[in-house]
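These protein sequence lines map, in sequence, to chains A and B. One point on numbering: in the working numbering, the residue at position 53 of the first sequence is 53, and numbering is uninterrupted. One point on numbering: in the working numbering, the residue at position 144 of the second sequence is 144, and numbering is uninterrupted.
Where hints are given, some of them may not hold.
[To be verified] Residues from chain A that face chain B, not an exhaustive set, calculated with beta carbons under 7 angstroms:
(1) TYR12
(2) ARG15
(3) HIS16
(4) LEU49
(5) PHE50
(6) GLN53
(7) ILE57
(8) LEU64
(9) PHE65
(10) SER68
(11) ASN72
(12) HIS73
(13) ARG90
[Claimed, not checked] Pairs of lysine to aspartate or glutamate, DMTMM-like flavour, derived with a Cα cap of 25 angstroms:
(14) A:LYS86 - B:ASP25
(15) B:LYS76 - A:GLU82
(16) B:LYS55 - A:GLU85
Calculated from the structure, these hints are not laboratory results. These figures come from a predicted structure and were not determined experimentally. Each residue gets a CB set at the ideal place from its N, CA and C atoms; glycine is no exception.
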Amino acid sequence: MERMGTIKRIQYDCRHATYLIEKRQQTSLTLKERVQLFIHLLGCSVCRLFQRQSRAISRALQQLFQRSAEQNHTLDEGVKREMQEKINERLKN
Amino acid sequence: MKKLFNLSTTAAGPDPAHWVASYADYLYTYALARLDDEELCRDLVQETFLAALEKLSEFRGESSERTWLTAILRYKVIDVYRKKNSAWLTSLEAHEAEPEYFEPDNGHWKEAWAPRPMSIDSSDPTLRKELAAVLQKCLQRLPALWQAIFSMKHMDEVKTEVICKELKVTPSNYWVILHRAKVNLRACVEKVWS
Chain A
1 MERMGTIKRI QYDCRHATYL IEKRQQTSLT LKERVQLFIH LLGCSVCRLF
51 QRQSRAISRA LQQLFQRSAE QNHTLDEGVK REMQEKINER LKN
Chain B
1 MKKLFNLSTT AAGPDPAHWV ASYADYLYTY ALARLDDEEL CRDLVQETFL
51 AALEKLSEFR GESSERTWLT AILRYKVIDV YRKKNSAWLT SLEAHEAEPE
101 YFEPDNGHWK EAWAPRPMSI DSSDPTLRKE LAAVLQKCLQ RLPALWQAIF
151 SMKHMDEVKT EVICKELKVT PSNYWVILHR AKVNLRACVE KVWS
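When you get a sec, could you build the whole thing from the sequences and use the hints?
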């Protein structure tokens with residue numbers, strides 16, 4: 001009886017299941033966590049959908065951040081002159 | 001003794017007279033990719049140079065000048081993340097504004113927030129571009145700490161333990177934050193996408 005209750009809880013707990021889905025994308029789950037997630041996903045199509053979408057978002061995030069890291073920006077020449085002047089001042093002291 | 005030896009052999013040691021010409025744009029680009037604020041990033045670059053001047057004697061020549069300066073800037077960026085985070089934590093409204101996605105008693109998806117199908121896992125280049133634009137918009141709405149975690153994770157590929165240490169969050173908090181951030185981000189994408 002007690003066991004039935006636990007399984008019911010796992011089947012209903014989408015908060016915990018989505019937490020495990022996120023954790024699994026980064027690190028390995030414990031055996032208990034893996035079993036819990038497996039049982040949950042068997043019966044929950046909404047969380048299966050969440051898992052697919054979450055992975056797609058992770059991939060897109062990766063690309064987005066990489067692209068923004070590759071984009072070059074330049075400072076205004078005037079700003080640069082000021083910067084160097086401040087450095088030179090400090091060097092004199 | 002060893003120190004003296006090092007000093008005499010690093011003839012190509014730090015050369016502050018050329019720092020701005022050689023590294024200012026690189027450092028500015030680095031900061032701007034992590035903090036979307038041009039003025040703040042300009043200030044951080046300037047501060048980095050001045051902080052480096054104070055630490056000239058610590059430069060060992062083990063890494064390049066650029067790597068050394070970038071490391072100094074990186075700590076300044078993380079400092080901004082931390083300050084933004086504590087400001088967010090103290091403003092209770094931010095917490096209240098965040099919707100509750102799951103039923104409090106059994107953890108089931110709330111009807112209004114349950115994911116619905118959308119075509120985001122497509123390989124169509126146009127759709128991918130669209131998704132990137134939507135994500136960018138949604139990221140900006142996230143609390144600073146969440147943005148910081150995503151950017152450290154995806155841009156610098158920093159290990160979880162390092163992120164936790166640098167942003168001063170516990171590992172168990174880290175997973176909770178990451179989970180919440182992702183659920184939030186996905187909900188935003190669905191809302192903007194459809």
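Status of each hint after checking the structure:
Taking 7 angstroms as the C-beta contact cut-off toward chain B, the hint placing TYR12 of chain A at the interface holds, the least distance being around 5 angstroms. Given hint, ARG15 of chain A at the interface with chain B, holds; its Cβ is 4 angstroms from that chain's nearest Cβ, closer than 7 angstroms. Taking 7 angstroms as the C-beta contact cut-off toward chain B, the hint placing HIS16 of chain A at the interface holds, the least distance being around 6 angstroms. Given hint, LEU49 of chain A at the interface with chain B, holds; its Cβ is 5 angstroms from that chain's nearest Cβ, closer than 7 angstroms.
The closest approach between the C-beta of PHE50 of chain A and any C-beta of chain B is roughly 5 angstroms, which is under the 7 angstroms cut-off, so the hint is satisfied. At its closest, the beta carbon of GLN53 of chain A sits 6 angstroms from a beta carbon of chain B; the interface hint therefore holds under the 7 angstroms criterion. Interface restraint check: ILE57 of chain A against chain B, minimum CB-CB distance 6 angstroms, threshold 7 angstroms, status holds. With its C-beta approaching chain B no nearer than about 5 angstroms, LEU64 of chain A sits inside the 7 angstroms limit, and its interface hint holds.
Below 7 angstroms, beta-carbon pairs count as interface contacts, and PHE65 of chain A has one with chain B at about 4 angstroms; its hint therefore holds. The beta carbon of SER68 of chain A is positioned within 7 angstroms of a beta carbon in chain B (closest approach about 5 angstroms), and the interface hint is therefore held. At a threshold of 7 angstroms, the smallest CB-CB gap from ASN72 of chain A to chain B is about 5 angstroms, leaving the interface hint in force. Proximity of HIS73 of chain A to chain B holds as hinted, the smallest CB-CB distance being about 5 angstroms (cut-off 7 angstroms).
This hint holds: ARG90 of chain A has a C-beta 5 angstroms from the nearest C-beta of chain B, less than the 7 angstroms allowed. Using a Cα cut-off of 25 angstroms, the hinted pair LYS86 of chain A and ASP25 of chain B holds, with the two alpha carbons roughly 17 angstroms apart. Taken as a hint, the LYS76 of chain B and GLU82 of chain A pair is honoured in the structure, with Cα atoms around 20 angstroms apart against an allowance of 25 angstroms. Of the supplied pair hints, the one linking LYS55 of chain B and GLU85 of chain A holds, its CA atoms being roughly 19 angstroms apart against a limit of 25 angstroms.
Figure legend: structure checked against the earlier numbered hints; every hint is met.
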